[in-house]
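Protein chains: 2
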Amino acid sequence: MMLSKNSIKAINSLRVKKTRNAEGVFIAEGERLVEEILNSKLQVKSIYKTSILNITSKEFDFELVEITDDEMKKISSLSSHSNVLALVKIPEYDISKIDLHNSLVLALDGVQDPGNLGTIIRLASWFGIDTILCTNDTTDAYSPKVIQSCMGAISMVNVIYCNLPEILKEYRTKNNLPIYGAFLEGEDIYNSKLNSKGIVVMGNEGNGISPEIEKLITQKIHIPSFATNRTAVESLNVAMATAIACSEFKRRI
Amino acid sequence: MMLSKNSIKAINSLRVKKTRNAEGVFIAEGERLVEEILNSKLQVKSIYKTSILNITSKEFDFELVEITDDEMKKISSLSSHSNVLALVKIPEYDISKIDLHNSLVLALDGVQDPGNLGTIIRLASWFGIDTILCTNDTTDAYSPKVIQSCMGAISMVNVIYCNLPEILKEYRTKNNLPIYGAFLEGEDIYNSKLNSKGIVVMGNEGNGISPEIEKLITQKIHIPSFATNRTAVESLNVAMATAIACSEFKRRI
Chain A
47 MMLSKNSIKA
57 INSLRVKKTR
67 NAEGVFIAEG
77 ERLVEEILNS
87 KLQVKSIYKT
97 SILNITSKEF
107 DFELVEITDD
117 EMKKISSLSS
127 HSNVLALVKI
137 PEYDISKIDL
147 HNSLVLALDG
157 VQDPGNLGTI
167 IRLASWFGID
177 TILCTNDTTD
187 AYSPKVIQSC
197 MGAISMVNVI
207 YCNLPEILKE
217 YRTKNNLPIY
227 GAFLEGEDIY
237 NSKLNSKGIV
247 VMGNEGNGIS
257 PEIEKLITQK
267 IHIPSFATNR
277 TAVESLNVAM
287 ATAIACSEFK
297 RRI
Chain B
47 MMLSKNSIKA
57 INSLRVKKTR
67 NAEGVFIAEG
77 ERLVEEILNS
87 KLQVKSIYKT
97 SILNITSKEF
107 DFELVEITDD
117 EMKKISSLSS
127 HSNVLALVKI
137 PEYDISKIDL
147 HNSLVLALDG
157 VQDPGNLGTI
167 IRLASWFGID
177 TILCTNDTTD
187 AYSPKVIQSC
197 MGAISMVNVI
207 YCNLPEILKE
217 YRTKNNLPIY
227 GAFLEGEDIY
237 NSKLNSKGIV
247 VMGNEGNGIS
257 PEIEKLITQK
267 IHIPSFATNR
277 TAVESLNVAM
287 ATAIACSEFK
297 RRI
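Protein sequence lines, in the order shown, are assigned to chains A and B. For reference, each letter of the first sequence is one residue, going 47 to 299 in this note's numbering. For reference, each letter of the second sequence is one residue, going 47 to 299 in this note's numbering.
It is worth saying that the hints were derived from the structure and are not from the lab. There's no promise every hint is true.
For chains that are exact copies, the list does not tell them apart, and a pair is met inside one copy or across any two.
Unchecked claim - Taking lysine-lysine pairs in the DSSO-like style, the calculated list, with each CA pair at most 30 Å apart, reads:
#, residue 1, residue 2
1, K239, K55
2, K215, K64
3, K191, K119
4, K266, K296
5, K64, K91
6, K296, K220
7, K243, K87
8, K266, K119
9, K261, K220
10, K143, K63
11, K143, K215
12, K120, K215
Take the sequences, apply the hints, and build the full model.
Here you go:
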């Protein structure tokens, strides 16, 4: 089969967030990633594959299109294209039906770098954190860069864009669980009492947690540096801080 | 002053490891990074700056060259160039004079991704780890990508390329300190006895620690996943594993 110019254009337009949201579809590339998605709760709409790859669609309910290597090059967002590209339905979450009260939940307040977001989704999966709440100005989890960098973890973690201040306010009315946030003036995380249930908010790379959300934090924590002199970097990258925070929370359970 | 074509070519050639090593010089760009390097033990050879930036070389012993914005564009390795580019001497370490026996030391066995190496150097600085030993097949710490991603930490941490198996053998003859390595079959790091002195080896992204170095490990450790079902990513990225390991080692001291 030959891919029409319109099809190529339509697939490439999914690199833009606005189009992804309008179509409700994102792109995933590479054998391993597509296989993980096929085995997950995510719903695949179409798979474009070159003849090298051996997949049959009999058992699945998606469109399977065999294309040439040259055609793959035209639709791939990767610098070196693979043998398979899938169009996957962006999951829709009804946040009122997600239980935030019985486990540890991550929340991201304006994380901007796709690589950081991808790493954080992967960390959540590693640490058994099922849900990440994101402010609407957090970088889009369904961009090709995040999808490729989180190595399939997007199919294992609920990444939910929401009005985070509203959700946190409601959370506080419904229970007494802590809402943690990382601040320079916070308590040393290594010596803090940490709960196995609650929300941990991580802030924007440059500005940290916004004032509106800071007001809703119930426990400020801080990851201290162990450098013995002033010759230390000034801050931890947000993905590294998330790794260390998740490790501290989870090891104590 | 006008930059000659030869100067532009010479600076650009420093993007290649072979030339950097032959010249003993690496490139650092951006006001903040260059300022950190100027305040460190590293030796700056030349600074190229546009007229916007206010630096005078009176107090320093390097060459200061004022160039145009167009010229900066021609020598910059960044997608958006800054106002300043420095040529800095690659530090030479005499490993026989570095004390490996009185603190925690990191060792990298073939880490390939420049972003991971930059993150690891930054983590070392944060956790007060002064020295990183690298196998010679570890990606070059002085490449523009690593230098820009480690945010000045290159001036705070000794990154030493060496014959790592030889160094580890010698280390074992000189003391009884542990050499740790991350392995799937290792002890749960959260429940292991960890020493405040020793060497922690982190392996290659795909293959982990090489068999030759595995033989020299005295304590195998493992960072366990906290996912409650099979729906977890299969492995932690090496930079994230380093963050978690450093946090575990250092919090106990």
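Hint check results:
no.	hint	in the structure
1	K239 x K55	neither (53 Å within a copy, 57 Å between copies)
2	K215 x K64	within (29 Å within a copy, 57 Å between copies)
3	K191 x K119	both (17 Å within a copy, 26 Å between copies)
4	K266 x K296	both (18 Å within a copy, 21 Å between copies)
5	K64 x K91	within (19 Å within a copy, 48 Å between copies)
6	K296 x K220	within (24 Å within a copy, 37 Å between copies)
7	K243 x K87	within (25 Å within a copy, 46 Å between copies)
8	K266 x K119	neither (48 Å within a copy, 43 Å between copies)
9	K261 x K220	within (17 Å within a copy, 55 Å between copies)
10	K143 x K63	within (25 Å within a copy, 54 Å between copies)
11	K143 x K215	within (17 Å within a copy, 58 Å between copies)
12	K120 x K215	neither (46 Å within a copy, 52 Å between copies)
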